[in-house]
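*Asks:* Residues per chain are reported as follows:
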Amino acid sequence: MTATLPPQTGAAGASAEPPPAASRPALAQDWRRLVRMGAVGAVAQVFIALSNMPVRLDERVIVKPVLSLGYLTLLIVPFAAGHRVGHQVKREGMAVHAAGAHEMAGGAACGAVAGGGLSLLAVLLANFDLREPLVNWSPMLAELLAFGNATWFAVVIWLVIGAAVGALGGALRLLGPRTRRAVVTMALAVGGAAVLEPLVVDLAEGMRLEALTDWLYARRGGINWTSALGLAAASGILAVLGRGRIQQARTHIAALEGAQRTRTNGLLILATAAVLIVLPLFAGKLTNELLANVGLFVLLALGLNVVVGLAGILDLGYVAFFAVGSYSAAVLTAATSPRINPELPWLAALIVVVIITGLVGLFIGAPVIRMRGDYLAIVTLGFGEIIRLLFLSDWLSGWFGGSQGITKIPGAGIFGLTSVAGTDPRRVFYLVLAFCALAIYVSWRLERSRLGRAWMAVREDETVAEAMGINTVNVKLLAFVVGAVLGSFSGAIFSAKVGSVFPNSFLILVSIVILVVVIFGGMGNIVGVIAGSAVLIGVLGGPKQPGLLAEFSEFKLLIYGALLIWMMLARPEGLIPSVRRSRELHQQEMAQDAWLKGQVEDDNHDDGSSGPQAAPAT
Amino acid sequence: MIGRGRARSGAPRTGVDWFLTFMRVAILTLVAVGILAFIWQEIDTDNPFARWANPDATGLTGAQFRGLIISGVAQGCMYGLIALGYSMVYGVLGFINFAHGEVFMVGAMTGMITSNKLADAGLWESNFIGSLIFIVIVSMIVCTLVAVIMERVAYRPLRGSPRLIPLITSIGVSFFIQNASIVLLGPAAKAYPDVPDWVKDKHTFIQIEGSRILVVVVAAVSMGVLWYLVEHTKGGKAMRAVAEDAEIAALMGINVNRTIVKVFAVGGAMAGLAGILWGILFRSVIHTTGFLPGIKAFSAAVVGGIGHLGGAMAGGLSIGVAESVGPLLILEPLGVSGVSQLRDAVAFAVLIGVLLLRPAGIFGERLPAEDRT
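In order, the protein sequences belong to chains A and B.
Counting from 1, one number per residue, gives the positions in the first sequence under the numbering used here.
Counting from 1001, one number per residue, gives the positions in the second sequence under the numbering used here.
For the record, the hints were derived by calculation from the structure and aren't laboratory data.
Every value quoted in this text rests on a predicted model; they were computed, and no experiment measured them.
Keep in mind that a hint or two might mislead.
To be verified - Examples of chain B residues toward chain A, derived with CB under 7 Å:
(1) Val1016
(2) Phe1175
(3) Asn1179
(4) Leu1184
(5) Leu1185
(6) Ala1345
(7) Phe1348
(8) Leu1351
Said to hold, decoys possible - A partial selection of chain A residues facing chain B, derived with a Cβ cut-off under 8 Å:
(9) Val89
(10) Val135
(11) Val275
(12) Val278
(13) Ile386
(14) Gly561
(15) Leu569
Ideal placement from N, C-alpha and C gives every residue a C-beta, glycine not left out.
Generate the whole structure from the sequences, applying the supplied hints.
*Replies:* This is the structure we're talking about:
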């Protein structure tokens, strides 16, 4: 709850902030908080170790030969704990002491406690055999923890590593905002280069830049440590030189008005489109496949964004529309479809698909639209599952092939000019790109239309919206239908791309993954949703599609779950928030802020205890 | 919900209203026709009405029918126990704890691990009842802990935020627990150790499997204990007060936070118990075990009227019997083939049907003051 406030209030609050007091002595720690945090870190460490992440991800090298992704997963927790423990809650009128040795000592102690979790685990691994329930209780893990040495070495080394990394985390607080930004940029540059390795190698091959990748990456994966240093230095210098430039450019664009604004926006969009059209020509199969997958999820996420982000209806069965789109496209185009097989050309089929999915949207939407928000969520989830079960059942297998699905779906032919099939990911990507452009245009226009404003009004307060003369039922139904149609595009492309549809491609977890993408990116914001899909689907991968970190495939759903919780707790408005949405979410904090400020100005006493948690639900 | 419906009755009916009325009538007709066809079939096997849609329909023998009802009741008891957790949390906090089904799964997993360890030590065979009590206690403790930690980490910081936020968080928690189970315990289905014959086989005299009797008895006893706790102890009174109005309860000196933790703990313990019952009934558990029973239990809570303890149990029994008997009773005479595949779809359809026909459930809802408006 004490998370960052939106800038509108933060800026006003900052002016009244008292100057920082002197730093505290190193040993004056809040020991209870420190131990608690360390213990949480230790539990997290043991969980990560037992989830097999370190062993499995050890193959993926980040910086050769010092750091693999596996060890990184173990280092990140003490670092975060060490950083977090020095966090001071800033309250109006409360003194904030300067960061100093205190932060580093606290971070080190906290990190040591967290690392101690691994020490304990190493001892347990050596002395007990719990392989029966815990599948990853293996000698491999013990070896990894001890770096190939004896158990006592593991015990000592993890305490030391934890303390060192924790101290580093604490030390991050000592840096001024500019230095910190430079350091973060350096870390991001190296990390990004490592994550993007397959993509960069693939692109460099297409552009005849193998020399660059040979310099940057070691032969068997991972960045050479010398190149990593070079990259860090370069990005650090860039960050220092370019400080504030991006911010400046952004405010500059935001300040533009009228025709100038339109022209700048047009140029930006044109440039992005040009890059996206040219890029696949240089890229190999892997990159295009990845881009096509991301594009499919952008389409799905844009559709769900209309329903969840704009109209505020939590639809957990969104996969139903994806499924109906895929299946109806398959039935209409494939010659092998069991009962009906008109073998329409793909574009003609698409029109029918849109009509069918729109009707299904109406059919599912109508009964649920009057329900309370949370009942609606569960019931749509039920519909999503019912539709999958129907496609799977023997009852309808005469139409949809049951568990055999429908196979040998021809690709998407457009006016007989080109044919798009799974064997050529580049063409699939162009097709997806065209539909993404359409979906982006539609959602952008809708957001600014009368209907879009009606959706947002319904989202913010249904009763008030109704009082303002909005027909809430029709408006919400329309959101359902628009979302369904956008999802059906994705479905039709999906079936043409993969060439077959099976009921098991449409599990409920697809809905949840799309929801995570929308929430992570920023509900109600088109740019946010696209960025969310690019980051999550591109890096971690979709429910069945591999991402850049293909080693993560076992763990990505776990990470999606954790991410969803963390986003809701720390930043419910998402990575790139929609302004209106984030105001709505922080309404209470803003009101409290304003009230607190009034209080402070009036009688100048502060009790500092009025956090939102102090009061029960109002 | 009801109030708004009444306020609307004067307003002109829209297309959606007509559609909903049509759906209600269609559902009721479908159920009525199915049941009629079934009854007729039972009376006269060769009548044309029963054979109209499905010439292969054979109907059920008395023993089959009884077997279906009993298995429905046993599963319904389990759903009822899980539903208590949904219902109590909804009653107090006004949000669906989507992850409650996963707590149940954790209970079943804990039971699997403990009972297998006991079986290795030879105690499972030699002292079955004692071992059973032991695994019930362990599972209840673990599930209570999981539920309490869940409340502390994920839900408490979100109290007072827009109501969809905790729901989305709980979806994340559910996803996390499910996948944590995969990475820690592996993705394969895991078996409970073999149970004694008197549990496995049908009783010679009453022709019911011992496991089902056991499940019903355990559920009834724990339901009684819970009822006593909520209605006749001070803590239970506090829970009811917080459910009624958290702010006033706080003014009356009730520690709201602690009461909410208690609600989660009780719900978790019941889910742990239900997990063991699942283990006894099906003797196999996998990471997705919690999903469908969780949704069905939520349906049960809605059917019985959310926030209502007895309602949760009654709803559980109705959902259990409906999903066990429904496909054969209603769908088979209508000519649907492979009906047993559709039992989960039937459970969802019951939820949707109840929300269309009577959204407040059988016994009416008991909601926090803020949600009643």
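*Asks:* Decide, hint by hint, whether the structure agrees.
*Replies:* Going down the list of hints, with the structure as the test:
Against a cut-off of 7 Å between C-beta atoms, the interface hint on Val1016/B holds, since the closest Cβ of chain A lies about 5 Å away. Interface hint at Phe1175/B: satisfied, since its Cβ lies 3 Å from the closest Cβ of chain A, which is below the 7 Å cut-off. At its closest, the beta carbon of Asn1179/B sits 4 Å from a beta carbon of chain A; the interface hint therefore holds under the 7 Å criterion. The interface hint given for Leu1184/B holds, since its Cβ lies 6 Å from the closest Cβ of chain A, which is under the 7 Å cut-off.
Interface restraint check: Leu1185/B against chain A, minimum CB-CB distance 6 Å, threshold 7 Å, status holds. For the restraint placing Ala1345/B at the interface with chain A, the shortest Cβ-Cβ distance is roughly 5 Å, inside the 7 Å limit, so the hint holds. Of the supplied interface hints, the one on Phe1348/B holds, with its beta-carbon coming within about 4 Å of a beta-carbon of chain A, less than 7 Å. Hint on Leu1351/B holds. Least Cβ distance to chain A is approximately 6 Å, under the 7 Å limit.
With 8 Å as the threshold, the beta carbon of Val89/A stays out of range of chain B, its nearest partner Cβ sitting at about 14 Å, so the hint is violated. Nearest Cβ of chain B to the Cβ of Val135/A: about 4 Å, under the 8 Å cut. The hint holds. Given the 8 Å rule on beta carbons, the hint for Val275/A is violated: about 34 Å separates it from the nearest Cβ of chain B. Because the closest C-beta pair between Val278/A and chain B is about 38 Å apart, greater than 8 Å, the hint is violated.
For Ile386/A, the suggested interface contact is upheld, since its CB lies about 5 Å from the closest CB of chain B, less than 8 Å. Taken as an interface hint, Gly561/A checks out: its beta carbon lies about 3 Å from the nearest beta carbon of chain B, inside 8 Å. A hinted interface residue such as Leu569/A counts as satisfied when its beta carbon comes closer than 8 Å to some beta carbon of chain B; here the least separation is about 6 Å, so the hint holds.
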